[in-house]
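*Asks:* As a plain string of letters, each chain reads:
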Amino acid sequence: MCGRGWSRHSFSRMMKNEMIAMILAGGQGSRLGKLTRTIAKPAVPFGGKYRIIDFSLSNCSNSGIRTIGVVTQYQPLELNSHIGNGSHWGLDHKDGGVTILQPHSSLDGEKWFEGTAHAIYQNISYIDSHNPTYLLILSGDHIYKMDYEHMLHFHKRKKASATVAVIHVPLTDASRFGIMNTDNTDRIIDFEEKPAKPKSNLASMGIYIFTWEVLRRYLVESHATGQNMDDFGKNVIPSFLANGENVFAYSFNGYWKDVGTIESLWEANMAFINPDHELNIRDKSWRIYSKNPVAPPHYLASGAKVKESLIVDGCYISGEINHSIISQNVKIGANSVIKDSIVMANTVIGKNVTIDHAIVGEHAVFANNAQIVGDQSIEVVGYNEIVGGLNDEAE
Amino acid sequence: MCGILNLTESRLATYPLTRHRPIASLPFCSRYRLIDLPLTNLTTAGVETIGVFTHDNLRSIYDHVRSGKEWGLDSLHGGLFFFSDPGADGGRNGVSHEGDIFNYFNNIAFFDKSESEYTVIMGTRMLCNIDVKAVLRHHIEQGAEITVVYKSTEVQNNEDKNESCLTIDEDGHVRGLRSCSMSENMGQLFINMDIYILKTELLTKLIRNAVAESEHCNLNDVLHQAIVNLPSNGFEYTGYLKNIDSVEAYYQANMDMLEDRNMTALLKGSQIIHTKVKNEAPTYYSRSSDVEDSLIANGCMIHGEVSHSVIFRNVTIEKNTVVNSSIIMQGSSIGSGAELHYVILDKQVRIEPNTKLVGTKNKPIVIEKNSVISRIAEGLTTDTAPLKNQENTINTPNIETLFSRK
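Quick mapping for you: the protein sequence lines, in order, are chains A and B. Once you know that position 250 of the first sequence is 231 in this note's numbering, the rest is easy, because the numbers rise by one and skip nothing. Once you know that position 8 of the second sequence is 10 in this note's numbering, the rest is easy, because the numbers rise by one and skip nothing.
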């Protein structure tokens, strides 16, 4: 697991618990419809062999962060079993490692997380037990590669209390994001949540570094005075600005995608097929790790036709695959045609099946001759769904 | 039950693939190593303590197996233990003139400490997927001193090889052991798979006795004698078996996996074979790719034509190439316009553009690890391999063996 990461890891041992990360993975992602009915959005499969949260976890691992709390709430089962003890990301350290933090009840009452910052407040004792100088807040919802150590250097250099990672978005899209207005030293002077008339195009990526001592004080004091401090974007950052704290914007220039809707998830996957994709998934110096189930190599039978596609271990393919992503252990029968689609793991597809412009959930079954064609919008077949007649059930 | 992986297997027969690695480390079927099979068989049967005995340098085995985590061997109980005796006579070929018995004798404390009633002994040369628990049940039910696993096979008259064969009577008792030439014998043969189950106590006794007689021998020789002299039973294995005793057998075993029934029997049937997990991206097939009847691992970039081949991880196959009936190991790359038929490329081989290599089914061309092969001459085949342009090939050890004649 070390290899090229050796120098990074020995360095990280030096910085030890200077910064720990909290990944907010409790989001429901309701706009993903069927795909998040039974699993949390961070656990949604991506790119054939990853889940969305793999990107944040791998970034942490590659950035030398050794202690990570993953805050879960909505449908955590799949997510918990995926993360396990973090060994798949090289995060099963003796000191720290990955800890799954779920809401729990206590003498003070129930503690469901009311918002991003509230979830951190509820886990103060976990953070304190690692005694970090800085706290990195991440969302488990985004596809990107980022070195958090660079951001920490920026945070220290600017002597900031809080640093918000921002990305340049087209001005026309800016009203969908939280927009930061900065001065010429990157200091944030104004923050607007989804502004109708955006003044800049610096959108918050939902990635924050806080000096823990400062954030802790805000969270504890506001709780004592009954002030609402539930959300980082809506409450914490505006409150920091109002009190004249040093809040800086850290510009990120790489690929970053919030796959919040079916369309954006499909588009991000389709773009991911391209070997020249900006994410550079084959770059060995910044690998994206995942939990890899054991499966034999995939087999393309005589008669198989695979063009411009990604295929993963364990598949058995007799049909025609065109510009699609096929995940682990998928079986595709003869004369079936898969086009511009994503087929998630363990799906069985019979013969003469047509799938076009669709996202197929894990463990789905397609009977012979079944057809799923997305016309105006992307068709979604849910997990374990069965498509097609029962009379000629696929082998 | 305690397990022994007996890796003092001769490497000579599978040269040059085993010039720098033991048979146990031979890459197999796109993502495995031969050692994965016995390791999985043992752990699936609930064996928690496994001793790996070898004369070889352990690096490639240890690098692959590590703590045994992938096989669930990194637990509180038992685990993997390595016993290497490279001093014997350099361990150059995996065998030593002095035999391996002293390695077992010197580490006999391992057997005593394991506190297991039974010990199972396996190697890696006999490629199989066996239910070790069933062998143990058979052993206990039959009440024999030693149970030896065999495969019953009909001899194909054209095979030119020797096998160690058992004589077994109608009741399943072992009556004899002999080496038989497959070309001379016809009919039913019981091939000895060198998999044994016996009481740990008996095994240590056999090892001590052999050393007391101060004969230089191998554990397998001791067991061969014992199954004839002590009441022993045969257990018939009915699954897929290949004796990896030559490059051709190794090639054939890989090609066999292209047939789903063989692959299911060996790798994904009742026991799914575990191996070291790597984080590779999915394999990309471009618009110009054309792949049929092939096994392909993760992490590859395929732009060319591939048929009836076994491709390992991280292989790049450029446009306008033809790869047919070949085995391409991890990290190799094949330049555009190249053509390979019946070739085994070891790890990290680079085939320069427009190179043509043509072997035959019975004599596949083997290109050694880290070689760079450039275009040598127009229409080069195995029959016409000229050596005069050798300066074009960098780092290709012993070029004569690379282009073996039919």
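Please note: incorrect hints may appear among the correct ones.
[Stated by the list, open to error] Computed cross-link-like contacts, DSS-like style, restricted to lysine-lysine with a CA-CA straight-line distance of at most 25 Å: (1) B:K244 with B:K371; (2) B:K321 with A:K320; (3) A:K265 with B:K163; (4) A:K286 with A:K265; (5) A:K265 with B:K270; (6) B:K349 with A:K126; (7) A:K75 with A:K139; (8) A:K75 with B:K278; (9) B:K363 with B:K280; (10) A:K288 with B:K115; (11) A:K126 with A:K139; (12) A:K265 with B:K371; (13) A:K75 with B:K207; (14) A:K286 with A:K238; (15) B:K321 with B:K244; (16) A:K272 with B:K135; (17) A:K75 with A:K288; (18) A:K265 with B:K363; (19) A:K332 with B:K244; (20) A:K265 with B:K135; (21) A:K286 with B:K321; (22) A:K75 with B:K71; (23) B:K280 with B:K71; (24) A:K272 with A:K238; (25) B:K365 with B:K278; (26) A:K272 with B:K365; (27) B:K135 with B:K71; (28) A:K272 with B:K244; (29) A:K332 with A:K126; (30) B:K321 with B:K278; (31) A:K265 with B:K365; (32) B:K270 with B:K280; (33) A:K272 with B:K321; (34) A:K332 with A:K320; (35) A:K137 with A:K175; (36) B:K163 with B:K135.
[Stated by the list, open to error] Negatives, chain B to chain A, calculated, CB over 12 Å: (37) Y34; (38) T42; (39) F104; (40) E117.
Source of the hints: derived by calculation from the structure; they are not laboratory data. We treat Cβ as the ideally placed atom computed from N, Cα and C, and that holds for glycine.
*Asks:* Take the hints in turn and mark each one as holding or not.
*Replies:* Each hint, compared with the structure:
Between the alpha carbons of K244 of chain B and K371 of chain B the distance comes to roughly 24 Å, so the proposed pair stays at or under 25 Å and holds. Distance restraint check for K321 of chain B and K320 of chain A: the Cα-Cα separation of roughly 23 Å lies within the 25 Å cut-off, and the hinted pair is therefore satisfied. A threshold of 25 Å between alpha carbons decides the hint, and for K265 of chain A with K163 of chain B the separation of about 44 Å lies outside it, so the pair is violated. Restraint check: the Cα-Cα separation between K286 of chain A and K265 of chain A comes to about 29 Å, which exceeds 25 Å; the hinted pair is violated.
A threshold of 25 Å between alpha carbons decides the hint, and for K265 of chain A with K270 of chain B the separation of about 29 Å lies outside it, so the pair is violated. Distance restraint check for K349 of chain B and K126 of chain A: the Cα-Cα separation of roughly 30 Å exceeds the 25 Å cut-off, and the hinted pair is therefore not satisfied. As the CA atoms of K75 of chain A and K139 of chain A are separated by approximately 33 Å, the hinted pair breaks the 25 Å bound. Under the criterion of a C-alpha separation no larger than 25 Å, the hint pairing K75 of chain A with K278 of chain B is consistent with the structure, at around 22 Å.
For the proposed pair K363 of chain B and K280 of chain B, the alpha carbon gap of about 31 Å is over 25 Å, so the pair is violated. Among the hinted pairs, K288 of chain A with K115 of chain B is inconsistent with the structure: their alpha-carbon atoms are about 57 Å apart, more than 25 Å. Distance restraint check for K126 of chain A and K139 of chain A: the Cα-Cα separation of roughly 23 Å lies within the 25 Å cut-off, and the hinted pair is therefore satisfied. Annotation: proposed proximity of K265 of chain A to K371 of chain B holds, straight-line Cα distance about 21 Å (limit 25 Å).
Between the alpha carbons of K75 of chain A and K207 of chain B the distance comes to roughly 43 Å, so the proposed pair goes past 25 Å and is violated. A hinted pair counts as satisfied when its Cα atoms are at most 25 Å apart, and K286 of chain A with K238 of chain A does not qualify at roughly 31 Å. With a C-alpha separation of about 35 Å, the suggested pairing of K321 of chain B with K244 of chain B is violated against the 25 Å cut-off. For the hint pairing K272 of chain A with K135 of chain B, the CA-to-CA distance comes to about 29 Å; that exceeds 25 Å, so the pair is violated.
Proximity of K75 of chain A to K288 of chain A is assessed by CA-CA distance (about 45 Å); at most 25 Å being required, the pair is judged violated. Between the alpha carbons of K265 of chain A and K363 of chain B the distance comes to roughly 36 Å, so the proposed pair goes past 25 Å and is violated. Taking the CA atoms of K332 of chain A and K244 of chain B, the gap is about 34 Å. The hint is violated against a cut of 25 Å. The hinted pair formed by K265 of chain A and K135 of chain B fails the criterion: a straight-line CA distance of about 41 Å is larger than 25 Å.
A distance of roughly 16 Å separates the Cα atoms of K286 of chain A and K321 of chain B; the hinted pair therefore holds under the 25 Å criterion. With a C-alpha separation of about 16 Å, the suggested pair K75 of chain A and K71 of chain B falls inside the 25 Å cut-off, and the hint holds. Taken as a hint, the K280 of chain B and K71 of chain B pair is honoured in the structure, with Cα atoms around 13 Å apart against an allowance of 25 Å. Restraint check for K272 of chain A and K238 of chain A: the C-alpha separation of about 22 Å stays at or below 25 Å, so the hint holds.
At roughly 30 Å between alpha-carbon atoms, K365 of chain B and K278 of chain B are farther apart than 25 Å, so this suggested pair is violated. Taken as a hint, the K272 of chain A and K365 of chain B pair is broken in the structure, with Cα atoms around 40 Å apart against an allowance of 25 Å. Restraint check for K135 of chain B and K71 of chain B: satisfied, since their Cα atoms lie roughly 21 Å apart, inside the 25 Å limit. Proposed proximity of K272 of chain A and K244 of chain B is contradicted: the alpha carbons are some 32 Å apart, above 25 Å.
Proximity of K332 of chain A to K126 of chain A is assessed by CA-CA distance (about 39 Å); at most 25 Å being required, the pair is judged violated. For a cut-off of 25 Å, the pair hint linking K321 of chain B to K278 of chain B is broken: about 31 Å separates their Cα positions. Distance hint between K265 of chain A and K365 of chain B is unfulfilled; the C-alpha atoms sit about 36 Å from each other, more than 25 Å. Among the hinted pairs, K270 of chain B with K280 of chain B is consistent with the structure: their alpha-carbon atoms are about 18 Å apart, no more than 25 Å.
For a cut-off of 25 Å, the pair hint linking K272 of chain A to K321 of chain B is broken: about 32 Å separates their Cα positions. For a cut-off of 25 Å, the pair hint linking K332 of chain A to K320 of chain A stands: about 15 Å separates their Cα positions. In summary, the hint linking K137 of chain A to K175 of chain A is not supported, as the alpha carbons are separated by about 29 Å, beyond the 25 Å threshold. For the given pair, K163 of chain B sits about 31 Å from K135 of chain B by alpha-carbon distance, which is inconsistent with the 25 Å threshold.
The claim that Y34 of chain B lies off the interface is violated: its Cβ sits roughly 8 Å from the closest Cβ of chain A, which falls inside the 12 Å cut-off. A cut-off of 12 Å between C-beta atoms contradicts the statement that T42 of chain B is not in contact with chain A; the least separation is 9 Å. Against the 12 Å criterion, F104 of chain B stays outside the reach of chain A, whose nearest CB is about 36 Å from its own CB. Every Cβ of chain A is farther than 12 Å from the Cβ of E117 of chain B; the closest lies at roughly 29 Å, confirming the non-interface assignment.
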